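Each chain, written out:
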Amino acid sequence: NAGVTQTPKFQVLKTGQSMTLQCAQDMNHNSMYWYRQDPGMGLRLIYYSASEGTTDKGEVPNGYNVSRLNKREFSLRLESAAPSQTSVYFCASSEALKAFFGQGTRLTVV
Amino acid sequence: QKEVEQNSGPLSVPEGAIASLNCTYSDRGSQSFFWYRQYSGKSPELIMSIYSNGDKEDGRFTAQLNKASQYVSLLIRDSQPSDSATYLCAVRNAGNMLTFGGGTRLMVKP
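Residue numbers (the working numbering), protein chains in the order written: chain A, 1 to 110; chain B, 1001 to 1110.
Some clues are possibly wrong.
[Unchecked claim] Here are the computed lysine-lysine pairs in the DSS-like style, where the Cα-Cα straight-line distance is at most 30 Å:
id, chain 1, residue 1, chain 2, residue 2
1, A, K57, B, K1109
2, A, K57, A, K9
3, B, K1109, B, K1042
4, B, K1067, A, K9
5, B, K1067, A, K14
6, A, K71, A, K57
7, B, K1067, A, K98
8, B, K1109, A, K14
Treat the hints as calculated values from the structure; they're not laboratory data.
The structure displayed is predicted, hence computed values, not measured ones.
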């Protein structure tokens, strides 16, 4: 059972570089989410998608864009990475009762 | 004011004691409430969900919800060292947005 798969697991970027974090789920869930987690802090919502074709801003959307490519895939793009975006990024998908998380992407921007 | 508030801790309890974790939320339209456990370096995992006022018990865990007071709590009975982790409170609103608190770090001492 794959569940929620995130790629890559680790990434180092230079300031100003761009990259896309990929997320795919195989549970046929409508809702998908991107969070960031900084040391000693909880999860902060970047963007979410309640269903295919819709996306909404969360608590900390600045500097990020998302694409809900289809029901399975929800990608997060950093157009011009900044050191403040150094964090662990989690993708999640959910049915009404439970959210499932990917294993996380540890991103460092130098 | 954050939408979901938790005391960051650490909360330290002796092995065998009851650990009490608390969470408040600001959106009165919130519909579903969750407790996640996160071990260091790992993804969050769901341990309890609750949707209506009152108590819900599952093994050593009891979730309590008071919508009038906008308050959710988690009790862990007979705490074990393996319960040492960060506990995240999460709230889902009518639009399916899932918002997390900052987490409470629990330490169970043998």
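Hint by hint, here is what the structure shows:
1. A/K57 x B/K1109: Status violated; Cα separation ~41 Å.
2. A/K57 x A/K9: At roughly 24 Å apart (the allowed maximum being 30 Å), A/K9 and A/K57 satisfy the hint.
3. B/K1109 x B/K1042: Measuring from Cα to Cα gives roughly 21 Å; hence the hint holds.
4. B/K1067 x A/K9: violated (39 Å)
5. B/K1067 x A/K14: violated (46 Å)
6. A/K71 x A/K57: Holds - the C-alpha atoms of A/K57 and A/K71 are around 18 Å apart, at most 30 Å.
7. B/K1067 x A/K98: holds (20 Å)
8. B/K1109 x A/K14: The hint is violated at about 42 Å.
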